[in-house]
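Residue 1 is where the sequence shown starts when you use full-length UniProt numbering, and the numbers rise one by one after that.
Quick caveat, the hints were computed from the structure, so don't treat them as lab data. A few of these clues could be false.
Claimed, not checked - With a Cα cut of at most 30 Å, we get these calculated DSS-like pairs of lysine-lysine:
(1) Lys276 x Lys350
(2) Lys193 x Lys165
(3) Lys193 x Lys5
(4) Lys165 x Lys5
(5) Lys147 x Lys160
(6) Lys276 x Lys320
(7) Lys248 x Lys360
(8) Lys193 x Lys225
(9) Lys165 x Lys225
(10) Lys311 x Lys350
(11) Lys268 x Lys320
(12) Lys193 x Lys350
(13) Lys146 x Lys72
(14) Lys275 x Lys320
(15) Lys248 x Lys310
(16) Lys244 x Lys320
(17) Lys268 x Lys360
(18) Lys268 x Lys248
(19) Lys320 x Lys310
(20) Lys268 x Lys310
(21) Lys193 x Lys239
(22) Lys146 x Lys86
(23) Lys248 x Lys272
(24) Lys168 x Lys239
(25) Lys234 x Lys268
(26) Lys239 x Lys311
(27) Lys146 x Lys80
(28) Lys225 x Lys248
(29) Lys5 x Lys123
(30) Lys86 x Lys123
(31) Lys210 x Lys272
(32) Lys210 x Lys72
(33) Lys234 x Lys168
(34) Lys311 x Lys287
(35) Lys310 x Lys360
Unchecked claim - Computed Cβ-Cβ distance ranges for the label pairs, DEER-style:
(36) Asn322 x Leu280: 17 to 23 Å
(37) Arg213 x Leu192: 26 to 32 Å
(38) Lys239 x Asn139: 44 to 50 Å
(39) Gly166 x His208: 36 to 42 Å
All C-beta atoms, glycine included, are put in the ideal place defined by N, C-alpha and C.
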Amino acid sequence: MEEGKTALVLGGGGSRGAYEIGVWQALNELGIEIDMVTGASIGAVNGAMIAQGSFEEALALWHDMRESTITKLEEEGVLKQLLEEKLREQDVRNSPIEYGTVAVELPNLTPHRVFIEDIPIGKLNDYILASAACFPIINPHEIDDKKFIDGGYLDIMPVKMVLEKGAKNVIAVNLDAFGYIDQEAFNAAPFLKVISSAWDLGAFTVFHPKNIRRIIRLGYLDTMKAFDVFAGIKYTFIKGEFAKRGLKEAEAVAEIFELDPSLIYSQKMLNKRLKKALTLYEESSAKRKPTFDKELFKATLNALDTILSKKTISLFIAQKLNESDFSQESPSSLIDGHFLSKKAAKLFSKELLAASYIAKYLQ
1 MEEGKTALVL GGGGSRGAYE IGVWQALNEL GIEIDMVTGA SIGAVNGAMI AQGSFEEALA
61 LWHDMRESTI TKLEEEGVLK QLLEEKLREQ DVRNSPIEYG TVAVELPNLT PHRVFIEDIP
121 IGKLNDYILA SAACFPIINP HEIDDKKFID GGYLDIMPVK MVLEKGAKNV IAVNLDAFGY
181 IDQEAFNAAP FLKVISSAWD LGAFTVFHPK NIRRIIRLGY LDTMKAFDVF AGIKYTFIKG
241 EFAKRGLKEA EAVAEIFELD PSLIYSQKML NKRLKKALTL YEESSAKRKP TFDKELFKAT
301 LNALDTILSK KTISLFIAQK LNESDFSQES PSSLIDGHFL SKKAAKLFSK ELLAASYIAK
361 YLQ
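Taking the hints into account, I'd like the entire structure generated from these sequences.
Below is the structure:
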């Protein structure tokens, strides 16, 4: 990172915004001090809570949004009530972290990018609600006879705001939601780190308790990986326990056998979890026998269901690897003339990596 101010830029994305709370948790643990925070839509809500400074209060706000939907938050005034209960405007104004947000004025679609000093006293919640007014799901929010909608329509990750304020280091959180990204501002940042999830974070309109917990955890782990504390892409591994190829194999086998992405895996733990997953899969496969009756079409579909399973393919290749004298570094001995053509190896690249890991460590 560069010398100078560090800014956290929070994107919009409805219930996916829980991810940003996990990002903040990780930044706190890493000791990375934030000098300013900007956000659009749900990022405006999270940004204000971050400026206020209490991680526990931010968690409590998300806890109270559980079992809600975006329309319920609006129609029943849930978000407005939560902001009144959880957010203290004076604390945000007195915070060492400069807070900013963006909303879009109707009907001319004019972006209003404002920092806390630009917001009239007593109007902070209004500007947050304006930025979070995801039109047409949520009605425009009115401030002084002007109507505003979600800031994400014109600036879903307000990086330009922090650059104009002098930020040298920008940590931006992308929730993969609909909205305009100012690519020129991204390119102009002296130091830019974008944190996003390789997983689907779910429907942005539903605040489901289990998914919120999952998303917060993923935000935490992805941030730790972004700052090289752990290794991995979809999954999280202790650094140094896997060689470069071994890490690719570990990623592939963990994904194919649907291991829990919220955990931090050592090789020992990965092997233990995989053995359990393999046993369960083999037991369930043994019970699923294709029914060969007169309905040939139905039987064929049943057979294809088994043949095309990624788990089945991985286990089958692993068996072939064990039967061959393959290198511990690469299962290349199975390619071209032995078992898999180069085209097949490319088609089943993830299964081949998974099989290689299983053959090395679990069989």
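Hint-by-hint comparison with the structure:
no.: 1; hint: Lys276 x Lys350; in the structure: 20 Å, holds
no.: 2; hint: Lys193 x Lys165; in the structure: 18 Å, holds
no.: 3; hint: Lys193 x Lys5; in the structure: 14 Å, holds
no.: 4; hint: Lys165 x Lys5; in the structure: 9 Å, holds
no.: 5; hint: Lys147 x Lys160; in the structure: 23 Å, holds
no.: 6; hint: Lys276 x Lys320; in the structure: 21 Å, holds
no.: 7; hint: Lys248 x Lys360; in the structure: 14 Å, holds
no.: 8; hint: Lys193 x Lys225; in the structure: 12 Å, holds
no.: 9; hint: Lys165 x Lys225; in the structure: 28 Å, holds
no.: 10; hint: Lys311 x Lys350; in the structure: 11 Å, holds
no.: 11; hint: Lys268 x Lys320; in the structure: 24 Å, holds
no.: 12; hint: Lys193 x Lys350; in the structure: 28 Å, holds
no.: 13; hint: Lys146 x Lys72; in the structure: 23 Å, holds
no.: 14; hint: Lys275 x Lys320; in the structure: 18 Å, holds
no.: 15; hint: Lys248 x Lys310; in the structure: 16 Å, holds
no.: 16; hint: Lys244 x Lys320; in the structure: 23 Å, holds
no.: 17; hint: Lys268 x Lys360; in the structure: 13 Å, holds
no.: 18; hint: Lys268 x Lys248; in the structure: 16 Å, holds
no.: 19; hint: Lys320 x Lys310; in the structure: 15 Å, holds
no.: 20; hint: Lys268 x Lys310; in the structure: 23 Å, holds
no.: 21; hint: Lys193 x Lys239; in the structure: 20 Å, holds
no.: 22; hint: Lys146 x Lys86; in the structure: 26 Å, holds
no.: 23; hint: Lys248 x Lys272; in the structure: 18 Å, holds
no.: 24; hint: Lys168 x Lys239; in the structure: 29 Å, holds
no.: 25; hint: Lys234 x Lys268; in the structure: 19 Å, holds
no.: 26; hint: Lys239 x Lys311; in the structure: 26 Å, holds
no.: 27; hint: Lys146 x Lys80; in the structure: 18 Å, holds
no.: 28; hint: Lys225 x Lys248; in the structure: 15 Å, holds
no.: 29; hint: Lys5 x Lys123; in the structure: 27 Å, holds
no.: 30; hint: Lys86 x Lys123; in the structure: 15 Å, holds
no.: 31; hint: Lys210 x Lys272; in the structure: 25 Å, holds
no.: 32; hint: Lys210 x Lys72; in the structure: 18 Å, holds
no.: 33; hint: Lys234 x Lys168; in the structure: 29 Å, holds
no.: 34; hint: Lys311 x Lys287; in the structure: 15 Å, holds
no.: 35; hint: Lys310 x Lys360; in the structure: 18 Å, holds
no.: 36; hint: Asn322 x Leu280: 17 to 23 Å; in the structure: 21 Å, holds
no.: 37; hint: Arg213 x Leu192: 26 to 32 Å; in the structure: 29 Å, holds
no.: 38; hint: Lys239 x Asn139: 44 to 50 Å; in the structure: 48 Å, holds
no.: 39; hint: Gly166 x His208: 36 to 42 Å; in the structure: 39 Å, holds
This entry satisfies every hint, going by the numbered hints stated previously.
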